[in-house]
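Work out the full structure: start from the sequences and follow the hints.
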Amino acid sequence: MTNKQVNDLIEKNESSDFLKKVEVNINLQKVNISTKLTGLFELFIYVRKQRNGWNKIETEIPTNLTVSIDYFNKFLDNIETLLGKENAENSWYNLIENPFLTSGRYSQFSMSNIFTYDSSITSFLINVNIFGSECFNGAYDYIYDNINNNKIKNKLYYKGIQKAYEFEDQDPDKKTSRVRNERSNLSRLRNDFRQLFINAEKSFFEKIENQENQFEKQKKEILKWFEKSQIKEDERFNKSIDNFKNQQLKNLDKIGELESLYSNKLMLSKPAEYWDERAQKLKKEASLWIKSLSLSIILALTILLLIIFKISDNTIIELFSNVGSGIKWSIVFISIISLLAFGIKIFSKLTFSSYHLARDAEERKQLVYVYLSLLNENAISENERIIILQSLFSRSETGLLKDDSSPTMPSTSLLEKVISKSN
Numbered sequence: 022m023t024n025k026q027v028n029d030l031i032e033k034n035e036s037s038d039f040l041k042k043v044e045v046n047i048n049l050q051k052v053n054i055s056t057k058l059t060g061l062f063e064l065f066i067y068v069r070k071q072r073n074g075w076n077k078i079e080t081e082i083p084t085n086l087t088v089s090i091d092y093f094n095k096f097l098d099n100i101e102t103l104l105g106k107e108n109a110e111n112s113w114y115n116l117i118e119n120p121f122l123t124s125g126r127y128s129q130f131s132m133s134n135i136f137t138y139d140s141s142i143t144s145f146l147i148n149v150n151i152f153g154s155e156c157f158n159g160a161y162d163y164i165y166d167n168i169n170n171n172k173i174k175n176k177l178y179y180k181g182i183q184k185a186y187e188f189e190d191q192d193p194d195k196k197t198s199r200v201r202n203e204r205s206n207l208s209r210l211r212n213d214f215r216q217l218f219i220n221a222e223k224s225f226f227e228k229i230e231n232q233e234n235q236f237e238k239q240k241k242e243i244l245k246w247f248e249k250s251q252i253k254e255d256e257r258f259n260k261s262i263d264n265f266k267n268q269q270l271k272n273l274d275k276i277g278e279l280e281s282l283y284s285n286k287l288m289l290s291k292p293a294e295y296w297d298e299r300a301q302k303l304k305k306e307a308s309l310w311i312k313s314l315s316l317s318i319i320l321a322l323t324i325l326l327l328i329i330f331k332i333s334d335n336t337i338i339e340l341f342s343n344v345g346s347g348i349k350w351s352i353v354f355i356s357i358i359s360l361l362a363f364g365i366k367i368f369s370k371l372t373f374s375s376y377h378l379a380r381d382a383e384e385r386k387q388l389v390y391v392y393l394s395l396l397n398e399n400a401i402s403e404n405e406r407i408i409i410l411q412s413l414f415s416r417s418e419t420g421l422l423k424d425d426s427s428p429t430m431p432s433t434s435l436l437e438k439v440i441s442k443s444n
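Throughout the sequence shown, residue numbering follows our numbering, covering 22 to 444 in sequence.
Hints in this document: simulated from the structure, not taken from any laboratory. No experiment lies behind these values; they were computed from the predicted model shown. It is possible that part of the hints are untrue.
BS3-like cross-link-like pairs, simulated, lysine-lysine; straight-line CA separation at most 27 Å [stated by the list, open to error]:
(1) Lys245 <-> Lys228
(2) Lys77 <-> Lys25
(3) Lys25 <-> Lys241
(4) Lys25 <-> Lys95
(5) Lys51 <-> Lys70
(6) Lys95 <-> Lys51
(7) Lys275 <-> Lys291
(8) Lys305 <-> Lys370
(9) Lys249 <-> Lys228
(10) Lys223 <-> Lys238
(11) Lys25 <-> Lys291
(12) Lys77 <-> Lys223
(13) Lys184 <-> Lys33
(14) Lys223 <-> Lys25
(15) Lys228 <-> Lys42
(16) Lys184 <-> Lys51
(17) Lys291 <-> Lys386
(18) Lys245 <-> Lys302
(19) Lys70 <-> Lys241
(20) Lys260 <-> Lys249
(21) Lys106 <-> Lys42
(22) Lys386 <-> Lys366
(23) Lys249 <-> Lys312
(24) Lys291 <-> Lys266
(25) Lys95 <-> Lys42
Spelled out as structure tokens, the structure:
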């Protein structure tokens, strides 16, 4: 179980305040350990450190010292079990205080025979064990003041006692007193360092936890910002797609309209050219007919003047004195006058008809462009389009015949559109 997991379980527990403030006194008499821990988290760090320290020792550990290994393993298991309880305070006595913090109440372990892995006595006993189990037993019994007199004749047992005696240095001389003082100071420094290490580790973990909380908070804010940005981006993208689709539909409609307009232009371009050429041709014919009309009028006036000024009164009397001769000359004069009048009438009709047809051709040509302009602006309905096409391609009135029918002209609304486009 990691530090973060332990701290999270403490925070979530119903007895969180109790687990943070509970004070635990660790008193291991034989190894001269006396330390005060505050909170279950510090206790967990201390016990786990001892358990891991014992597990890292590679040399053979004597049987009497394996009790300490079992002690710290069981202690750590009980701490983890306690963290699994909803209300840890109710289980504190049964899982922690009763078996581990009060000596003599737990059948398997006793606080008096527990060693820490980093104690000098622990290192001494492990090193003595190298000389044999009897040597270890002698040193162990000496430390616990439980020497077996029956074994004292055993050299290894006695050697263990001697080494333990030398290790403790209990002679009351000055040198021994200094060694004991140094050892006491060293033990105090070790306890202070252990407490400092626990506090430093706790402080470090709290800082890490704060950093993790801050990171999680920033992570949530970033994710929230990212989600909002993603939503806005999706909305903008969808809006762009919709605008693109709408614009595409408009473009397709516009292309269709332009294709239709182009088709109509191709369809009407040749008739427009024809009406333009015909208008020019009719203007030339009108010029010819007006010249002919002018000549006919001049000829008629010339003949009339000749009759008036060149033929005397006696000549006219003589021509009409005889009945037969009068009839003959009357027919001649009437025929000449009739022919001249008919010629003048014909030439005048041809002249006006040519000008009329030329103007009609020009109007039809102009109507083609107006019609295309109306198509481009979608300002014309299907019925109006049919009427305009009928007007464009209907037979023109020449004015030469009385029963000559007029073309079907556009409605009033169409005429207004055409006039507005022309202006």
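Going down the list of hints, with the structure as the test:
no. : hint              : result
1   : Lys245 <-> Lys228 : holds, 25 Å
2   : Lys77 <-> Lys25   : holds, 23 Å
3   : Lys25 <-> Lys241  : holds, 20 Å
4   : Lys25 <-> Lys95   : holds, 21 Å
5   : Lys51 <-> Lys70   : holds, 19 Å
6   : Lys95 <-> Lys51   : holds, 20 Å
7   : Lys275 <-> Lys291 : holds, 25 Å
8   : Lys305 <-> Lys370 : holds, 15 Å
9   : Lys249 <-> Lys228 : violated, 31 Å
10  : Lys223 <-> Lys238 : holds, 22 Å
11  : Lys25 <-> Lys291  : violated, 91 Å
12  : Lys77 <-> Lys223  : holds, 23 Å
13  : Lys184 <-> Lys33  : violated, 52 Å
14  : Lys223 <-> Lys25  : holds, 11 Å
15  : Lys228 <-> Lys42  : holds, 19 Å
16  : Lys184 <-> Lys51  : holds, 16 Å
17  : Lys291 <-> Lys386 : holds, 10 Å
18  : Lys245 <-> Lys302 : violated, 82 Å
19  : Lys70 <-> Lys241  : violated, 35 Å
20  : Lys260 <-> Lys249 : holds, 16 Å
21  : Lys106 <-> Lys42  : holds, 18 Å
22  : Lys386 <-> Lys366 : violated, 30 Å
23  : Lys249 <-> Lys312 : violated, 89 Å
24  : Lys291 <-> Lys266 : violated, 38 Å
25  : Lys95 <-> Lys42   : holds, 23 Å
When the structure is compared with the earlier hints, violations turn up for hints 9, 11, 13, 18, 19, 22, 23, 24 and for no others.
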